[in-house]
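A.B. asks: Protein sequence lines correspond, in order, to chains A and B.
For the first sequence, counting from 1, position 49 maps to 49 in the working numbering; every step adds exactly one.
For the second sequence, counting from 1, position 138 maps to 138 in the working numbering; every step adds exactly one.
No wet-lab data here; the hints were simulated from the structure.
These numbers were taken from a predicted model, which means no experiment stands behind them.
Glycine included, each C-beta is placed from N, C-alpha and C at the ideal position.
Be aware that one or more of the hints could be misleading.
Stated by the list, open to error - Some residues of chain B that are not near chain A, with every Cβ distance over 12 Å (derived):
id	residue
1	A9
2	N29
3	Y32
4	Q59
5	R60
6	E64
7	H65
8	C67
9	V69
10	I77
11	E78
12	T80
13	N82
14	E83
15	K86
16	A140
Unchecked claim - Chain A side only, calculated, beta carbon under 10 Å to chain B, not exhaustive:
id	residue
17	R26
18	H138
19	C147
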Amino acid sequence: MKVLIAVDGSEIAQKAFNYYFENFHREGNEVLVCYRSEQPDLPTIMFTGGASFPAEEIAKIMTEHNKKVNDMENQYVMACKNLKAKYKVLFETSAGRPGPGIIKLVEKECVEMIVMGTRGLGVIKRTVMGSVSNYVVHHAKVPVLICPN
Amino acid sequence: MKVLIAVDASAGAEKCCKWYFETIHKPENEVYIFSHAKKPDIPNSAFGGVAVLLAEEVQRTIIEHDCAVKELEDKYIELTKNEPGKITVTVETRGGSPGSSIVEKAGQLGVDVIVTGSRGLGTVRRTILGSVSDYVLHHAKLPVLVCHN
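With the rest of the complex left out, here is chain B (with noise of 0.2 Å):
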C-alpha cells in the first residue's frame, strides 16, 4: 500500500508520523512523508512611493527558508531511519494551498491513503480541525486518516 503522510513543522505532524509507524505501518508499505512549504514572502520597502528589492533582505529570507526545509527533511528523515520499507521524506516549496498541494502530490504518487494530523501550525484554535485536514478530507477521493492528538 503506498501511504503519503502530510506534515508541518509542528508537534502534532510528528506525533501522528510516529503513531502511523507504530501502529499501522507494514514494511511492504510504501510511505512518502510530505510537506508543503509556503514559498517565503519576498520583502519590499517603498521609498517614498518607489519600491526597493532589498537583496540582502531578500537573501537572508531565501536562506532563512532553505534552512527550515533542510530542517524538516532531516527530522523526518531521522525519525524513520530504523523503519522498515520504503521512506520517502519530501519537503516541497510551493504557492498555492498546502490542502491543494496534498491532494495534488498524492495524485502524482498515485499513493492509496492519505493520513494527516488533526491540526498543524494554524493559529485560529477554535475549529476542531484545522483547514489543511478539512480540505483534504473533502477533496481527495481516497482514504484519509486524520489523527486527533
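Pulled out of the complex, with its shape left as it was, chain A reads as follows (with noise of 0.2 Å):
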C-alpha cells in the first residue's frame, strides 16, 4: 500500500510520522513524506534612506528557509532508511496552499492512505483541527489518519 505522510516542521508531524510506522506499517507498504512549505514571507520594499529593492534581505530569507527545509528532508531520509522502509521523500516549496498541493501529488502518486497531525506550525489555535488536515480530510478521496498530539 503506498501511504503519504504529510509533515511539516512541527513536533505534532513528527509524533504522526513515529505513530504510523509503530502501529500502522506493513512491510512492503511505500512511505512518501511529503513537506508542502509555504514560500516565507518576503519584503518587497525597504526604506533605508531612500526606497531599495531588499535584494540581498530576500536572498538571506530564502537561504535560510531553504536550509530549514533540507535539514528536515534529510531528518526524514535517515529515519526512513532506519526504519527499513520502501520510501520517497518529496519535499518543495511552493507559493501555492499546502492542502490543495497535498491533495494533488496523493493523486499524481495513486496514494491510498494518508497519515497527518491534526495541526502543524499554524498560529491559530482556536479550533481543533488544523487548516490544512481540514483541508485534507475534506477533500482526499482515501482514507486520512489524523492524529492529535
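With the hints as a guide, bring both chains together as one complex.
C.D. replies: Set out below in C-alpha cells:
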C-alpha cells in the first residue's frame, strides 16, 4: 500500500510519522513523506534612507528557509532508512497552499492512505483541527489518519 | 493496539471495515466493531386530543428494531469470522447522538484509534464528511482514521 505522510516542521507531524510506523506500517508499504512548504514572507520594499529593493534580505531569507527545509528532508530520509521502509521524500516550497498541494500529490502518486497531524505550525490554536488537515480530510478521496498531539 | 471501528448499516461502513482488515489489521490488534443503534420512536396516536399508546404497534416497532440490531451484529460477525486476533462486535441501542456515543464508547474501552467511514446512512449529501465522522474527528482526543470510499 502507498502511504503519504504529510509533515511540516512541527512536533505533531513528527509524532504522526512515528505513530504510523509503530502501529500501522506493514512491510511492503511504500511511504511518501511530503512537505508542502509555503514560501516565507518576503519583504518587498525597504526604506533605508530612500526606497531600495531588498535583494540581499530576500536572498538571506530564502537561503535560511531552504536550509531549514533541507535539514528536515535529511532528517526524514534518515528516519525512513533506519526503519528499512521503501520510501520517497518529496519536499517542496511553493507559493500555493499546502492543502491543495497535498491532494494533488496524492492523486499524482496514486496514494492509498494519508497520515497527518491535527495541526502543525499554524498560528491559530482556537480550532481543534488546523486548516491544512481540515482541508485534506474534506477533499481526500482516500482514507486519512488524523493524529492529535 | 486497540481499535474501534464505528459502523452503521451502510455499504460505506462495510467497505471501511473490509479495508481496515485488508490493509491495516495486525493479529495483535484488539478490534471492537461498534454501532450506535438509535432508540426507536415509539408510536402513539391522538384520539380527540387524548394520546393512546397502541400496544401492538409498540411491540412491533421494538421487534423490528431488535431484528435490525441482530442483523447488523450478525453481518459483522460473519464478515470478520476469519480474521486473526480478538474481534468483538457490539450494537448498542442508545439515546443521544451517534457521534458522542462513539466517542464515549472509545473512552470506555480505552481504544487507541477510531476508524470510521466518511458518511453513512445520513440523507444530507451536500457535505463531504457526514455529521458523525465530523463529530468524532472534532471531539475524540484520539487518532481518527476516516475512510473515504
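A.B. asks: Decide, hint by hint, whether the structure agrees.
C.D. replies: Status of the hints after comparison with the structure:
1. A9: A9/B is indeed farther than 12 Å from all Cβ atoms of chain A, at 20 Å.
2. N29: violated, 9 Å
3. Y32: holds, 16 Å
4. Q59: Its Cβ never comes within 12 Å of chain A, the nearest being 42 Å, so this holds.
5. R60: Label holds. Min Cβ-Cβ 40 Å, cutoff 12 Å.
6. E64: holds, 33 Å
7. H65: holds, 31 Å
8. C67: holds, 32 Å
9. V69: holds, 27 Å
10. I77: Holds: least Cβ distance 24 Å, greater than 12 Å.
11. E78: Non-interface label on E78/B holds, nearest chain A Cβ at 23 Å vs cutoff 12 Å.
12. T80: holds, 18 Å
13. N82: Its Cβ never comes within 12 Å of chain A, the nearest being 18 Å, so this holds.
14. E83: E83/B clear of chain A: closest Cβ-Cβ about 15 Å, beyond 12 Å.
15. K86: holds, 16 Å
16. A140: Its Cβ does come within 12 Å of chain A, the nearest being 8 Å, so this is violated.
17. R26: Hint holds; R26/A Cβ to chain B Cβ min 7 Å, cut 10 Å.
18. H138: holds, 5 Å
19. C147: holds, 5 Å
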